[in-house]
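Protein chains: 2
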Amino acid sequence: MGGIKEIAKMTGVSLATVSRVFNNSALVSPKTREKVLKAAKDIDYRPNVMAAALRSGKSKIIGVIVPEVNNSFFSDIINGIEGVVSDSGFNIIISQTHEKQERENAALNSLLELNVDGILMSISKETKDYTQIQKIIDSKTPIVFFDRRPTLDAINAVLLNNYLGAYIATEHLIDMDCENILHIAGNPDVSIFEERKKGFVAAAQKHRVQYLVNHLPNIKSNPEEDLNSLKDILKKHPNIDGIFAYGDEMAIHLLNLLNTLKIEVPKQVKLIGFGNANFSALTQPSLSSIDQESSLMGELSANLLLQNLKRKTKPTAKVLSPKLIRRESTKNLDQ
Amino acid sequence: MGGIKEIAKMTGVSLATVSRVFNNSALVSPKTREKVLKAAKDIDYRPNVMAAALRSGKSKIIGVIVPEVNNSFFSDIINGIEGVVSDSGFNIIISQTHEKQERENAALNSLLELNVDGILMSISKETKDYTQIQKIIDSKTPIVFFDRRPTLDAINAVLLNNYLGAYIATEHLIDMDCENILHIAGNPDVSIFEERKKGFVAAAQKHRVQYLVNHLPNIKSNPEEDLNSLKDILKKHPNIDGIFAYGDEMAIHLLNLLNTLKIEVPKQVKLIGFGNANFSALTQPSLSSIDQESSLMGELSANLLLQNLKRKTKPTAKVLSPKLIRRESTKNLDQ
DNA sequence: AATAAAAATGTAAACGTTTACATTTTTATT
DNA sequence: AATAAAAATGTAAACGTTTACATTTTTATT
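From first to last, the protein sequence lines are chains A and B. Counting from 1 along the first sequence, just add 31 to a position and that's the residue number in the numbering used here. Counting from 1 along the second sequence, just add 31 to a position and that's the residue number in the numbering used here.
The hints are simulated quantities; they were obtained by calculation from the structure and are not laboratory data. Each hint should be verified, as a subset may be incorrect.
Subject to a maximum C-alpha distance of 27 Å in a straight line, what follows is the list of computed BS3-like cross-link-like pairs (lysine-lysine) [claimed, not checked]:
id, chain 1, residue 1, chain 2, residue 2
1, A, K159, A, K251
2, A, K40, B, K166
3, B, K72, A, K131
4, A, K159, B, K72
5, B, K40, A, K171
6, B, K267, B, K237
7, A, K36, A, K229
8, A, K72, B, K89
9, A, K341, A, K166
10, A, K131, B, K91
11, A, K166, B, K66
12, B, K166, A, K36
13, B, K69, A, K171
14, A, K131, A, K341
15, B, K293, A, K298
16, B, K341, B, K91
17, B, K91, A, K171
18, B, K298, A, K293
19, B, K89, B, K341
20, A, K66, B, K166
Output of the computed footprint for chain A on chain B, the stretches with three or more beta carbons under 8 Å from beta carbons of chain A [what the hints assert, rightly or not]:
id, region
21, 84–91
22, 114–127
A few chain A residues that don't get close to chain B, going by computed Cβ distances all over 12 Å [unchecked claim]:
id, residue
23, A39
24, S117
25, E157
26, P346
Here a beta-carbon is modelled for each residue, glycine too, at the ideal position from N, C-alpha and C.
I would like the entire structure built from these sequences, with the hints used as guidance.
Rendered as C-alpha cells:
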C-alpha cells in the first residue's frame with residue numbers, strides 16, 4: 032500500500048486529514064497533526080509529487096531553457112535561478128538549445144508535457160519564428176525571458192542594458208585617453224550584440240573620437256586568418272589605441288593576437304571586453320570588462336516568475352545596469 | 032475534457048487503443064493509428080507526462096546532483112549528460128549541493144519524491160555520512176556516481192584516474208628537464224586530491240628527482256598571504272624548477288604570483304595544472320594541463336545509467352584515462 | 001466454409017494524491 | 001443548558017494516463 036492511505040489506516044484518520052497535514056492546512060488539530068507526522072516518520076513516508084501534481088495541476092517544477100549550460104554566463108544564471116527556486120520548494124528542469132530553433136521548440140514542447148508551473152528562458156541566436164513562444168504566452172503558463180528576449184510585446188523579461196554597457200565601456204577607453212577606438216562586433220543577427228555596437232558608436236560620436244567597427248568571425252575556426260585581418264586593420268589604422276570587444280572570450284583572443292604582434296596592452300593599445308567572465312581576472316594583463324551580474328539576473332528572473340505564479344501580474348521588463356570593471360588592460364600608465 | 036479521453040470520443044475508439052498509439056504499441060492497426068494521430072493533431076494534443084508517470088511508475092526524469100553548476104568542469108559534465116539523456120527522451124532535474132552534505136541529502140530526498148527514474152551525482156566535498164546514499168543504493172532507484180564517489184562497495188561510477196593524471200603531469204615536468212619539483216596540493220579530505228598527490232609522489236620517486244608538497248589554502252580569501260608563503264617556499268628551495276598544481280584555477284593564480292615575483296614561466300619554472308579548464312588555453316603563457324574529458328565523463332555516466340534502467344546490471348566502475356595537454360607553460364626552451 | 005491462431009480492440013481498475021462538499025465535534029454566546 | 005458559530009474531520013470523486021485481462025475482429029489453414 033504505502034502512501035497517505037497507509038498513514039490513514041495507521042492513525043484511524045481520513046485520507047483528507049492526512050493530506051491536510053502535509054499541506055500545512057490550518058484546519059487540523061495539533062493532536063492529530065502530531066499523530067500523523069509520527070506515523071509518517073515511522074514508515075519513512077515520502078509524498079508522491081507526481082500524484083499531487085496530477086491532481087492539483089501544480090507540478091512544482093520550473094523549466095529552464097538556455098543555449099548552453101557549459102557557458103560561464105548561463106551557468107551563473109542557472110546558479111542564481113536554482114538558489115531562489117529551490118528555496119521556494121521548486122525543482123528545475125534544464126534544457127539546452129545549442130542555439131537551434133528546432134531544439135528550442137522541442138524543449139518548450141517537452142516542458143509543457145511535463146506540466147511545468149513556469150518557464151525561464153533565453154532564446155537561441157537562431158530563433159526568428161515566435162509562434163511556439165507566442166502560444167505559450169497566450170496559454171496560462173507563466174514565462175520569463177532573461178538576457179535575450181523575443182521581439183514581442185507584453186512579455187516578462189529581465190534584461191541587461193547592453194547599449195549602456197557598451198557606452199560605459201567606450202567612455203572608459205576615452206577616459207583613459209584613447210582617441211582612436213575600434214569595436215570588434217558580434218553576430219549582427221543577435222540583438223544584444225547590435226545594441227552593444229550602437230552603444231559604442233553613440234559614445235564615440237558623443238565624445239568626438241575616431242572610431243571603427245569590425246568583425247573577426249573566424250577566431251575559433253581559423254585564428255590565423257583573424258590574426259591577419261587584425262594586422263591589416265592595425266596597419267591601415269596605425270593610431271588605434273583602444274579596442275572594445277563584444278565579449279570577453281573574443282577580448283582574450285585579441286589579447287593573445289596583440290601579444291603575438293608585439294603590441295603592448297595597455298601601453299600601446301587599451302582593451303576592454305564585455306561580460307566579466309570568470310577567467311577575465313586571471314589573464315596577464317587582467318582584462319577590464321563590463322559586468323552583467325549574471326547570478327543576479329538569474330535571481331531576478333526566478334523571482335519575477337514566482338511572483339507570476341502567485342497571481343498573474345502585468346508583464347514587466349526589468350533592465351539591469353551593467354557595471355564597469357577596471358583592470359590592467361585599460362590602465363592609463365601616464366595618469 | 033481534453034486528453035486521451037477526447038481523442039477516444041472523437042475517433043470512436045477506446046482509451047486503451049489511443050494510449051497504445053502514443054506508446055508505439057505494435058498492436059494497433061495502421062488505419063486506427065492514423066485516425067488517432069490525426070485527431071491528436073487537430074486538438075493539438077499533448078500527453079500528460081505526470082499522469083503517465085503516476086500510473087506507470089516511470090517518470091522519464093533523471094536527477095542530477097552536482098556541487099556547483101557554474102563550474103567549468105561540472106557544467107561540461109552536465110552538457111554531456113544532457114546530450115545523451117535528452118536523445119533518449121528523458122529530462123534532467125538539476126540540484127546543487129554547494130559542497131554541503133545537508134543540501135545533498137535534501138536534494139536526494141527531493142528527487143525521490145519526484146520519482147525520478149535514476150540519479151547521477153558527484154558527492155560533495157563535505158560528505159562523510161553515506162546512510163542516505165546507501166538507502167538509495169539499497170532501493171531500486173539506479174544511481175551512478177561521476178568524478179567523486181562515496182567509499183562504498185558495489186556502486187556504479189565513472190571516474191577519472193587521478194593518480195595516473197598526476198603521474199603523467201609529473202613525468203612531463205621531468206621530461207622537460209625539471210629536477211626539483213613542487214606540488215601544490217588540494218584539500219586532503221577530498222580523495223581525488225589525495226590521489227593526485229600520491230601520483231605526484233610516485234612519479235617523483237620513480238624518477239629520483241627532488242620533490243616537495245605544499246598547500247596554499249588562502250588563495251581566494253587572502254592572495255597576499257599566499258604570495259608570501261610562495262615566496263618563502265621558493266626562497267628556501269631556490270632550485271625549484273617545476274610546479275604541478277592540483278587544479279587549473281590554482282595554476283593560473285600561481286602563474287600570476289610567479290609573474291609578480293618576476294619569475295619567468297616556462298624559462299625559470301615550468302608549470303602544469305590539472306583539469307584543462309576552458310580558460311587554460313587563453314592565458315599568457317598558455318597553461319599545460321591534464322584533460323579529464325569532462326563531457327565524455329557525463330556521456331558515459333548517462334549511458335551507464337540508461338543501461339541500468341533497462342535491466343539491473345552488475346555495478347560497474349569505469350575509470351577514464353586522463354590526457355596530457357602540452358602548452359607553453361611547460362615548454363623546454365633548450366630542447 | 002469451418003476452425004484455429006493471431007491481431008486488434010475494449011473494459012475497468014488502478015497509480016497516490018487533492019478538494020468540494022457534507023458531516024461531526026468543539027468552542028463561544030446567551 | 002440550549003443554541004449558534006467555528007473548527008475539525010470525513011466522503012467520494014477526480015486528475016489523465018496505463019495495463020491486465022477479456023472480447024471481438026481479422027487472417028491463415030485445412
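Quick rundown of the hints versus the structure:
1. A hinted pair counts as satisfied when its Cα atoms are at most 27 Å apart, and A:K159 with A:K251 qualifies at roughly 25 Å.
2. At most 27 Å may separate the alpha-carbon atoms for a hinted pair to count; A:K40 and B:K166 meet this at roughly 26 Å.
3. Using a Cα cut-off of 27 Å, the hinted pair B:K72 and A:K131 holds, with the two alpha carbons roughly 24 Å apart.
4. With a C-alpha separation of about 24 Å, the suggested pairing of A:K159 with B:K72 holds against the 27 Å cut-off.
5. As the CA atoms of B:K40 and A:K171 are separated by approximately 26 Å, the hinted pair is consistent with the 27 Å bound.
6. At roughly 24 Å between alpha-carbon atoms, B:K267 and B:K237 fall within 27 Å of each other, so this suggested pair holds.
7. The suggested pairing of A:K36 with A:K229 is violated, with an alpha-carbon distance near 63 Å, which exceeds 27 Å.
8. Taking the CA atoms of A:K72 and B:K89, the gap is near 25 Å; set against the 27 Å cutoff, the hint holds.
9. A hinted pair counts as satisfied when its Cα atoms are at most 27 Å apart, and A:K341 with A:K166 qualifies at roughly 21 Å.
10. At most 27 Å may separate the alpha-carbon atoms for a hinted pair to count; A:K131 and B:K91 meet this at roughly 23 Å.
11. With a CA separation close to 25 Å, the supplied pair A:K166 and B:K66 stays within the 27 Å bound.
12. Distance check on the hinted pair: B:K166 and A:K36 sit about 23 Å apart at the alpha-carbon level, within 27 Å; holds.
13. For the suggested pair B:K69 and A:K171, the alpha carbons sit about 25 Å apart, so the restraint of at most 27 Å is met.
14. For a cut-off of 27 Å, the pair hint linking A:K131 to A:K341 is broken: about 32 Å separates their Cα positions.
15. With a C-alpha separation of about 19 Å, the suggested pair B:K293 and A:K298 falls inside the 27 Å cut-off, and the hint holds.
16. Taking the CA atoms of B:K341 and B:K91, the gap is near 12 Å; set against the 27 Å cutoff, the hint holds.
17. Of the pairs offered as hints, the one joining B:K91 and A:K171 holds, with about 24 Å between alpha carbons and a cut-off of 27 Å not exceeded.
18. About 19 Å separates the Cα atoms of B:K298 and A:K293, which keeps this hinted pair within 27 Å; it holds.
19. Note on B:K89 and B:K341: the hinted pairing holds, with a Cα-Cα distance of about 12 Å set against a maximum of 27 Å.
20. A C-alpha spacing of about 25 Å is found between A:K66 and B:K166, which places the hinted pair at or below 27 Å, so the restraint holds.
21. Given as covered by chain A, the region 84–91 of chain B passes the check, having 3 residues with a CB less than 8 Å from a CB of that chain where 3 are the minimum.
22. Coverage of the region 114–127 of chain B by chain A holds [criterion: at least 3 residues with CB-CB distance below 8 Å; count 7].
23. The non-interface label for A:A39 is consistent with chain B: the shortest C-beta to C-beta separation is roughly 19 Å, beyond 12 Å.
24. For A:S117, the non-interface assignment is contradicted: its Cβ lies about 7 Å from the closest Cβ of chain B, within the 12 Å cut-off.
25. In this structure A:E157 is separated from chain B by more than 12 Å, as the shortest Cβ-Cβ distance comes to about 18 Å.
26. At the 12 Å boundary, the C-beta of A:P346 stays outside the reach of chain B, the nearest C-beta of that chain being 24 Å off.
In this structure, the hints that do not hold are numbers 7, 14, 24, in rising order.
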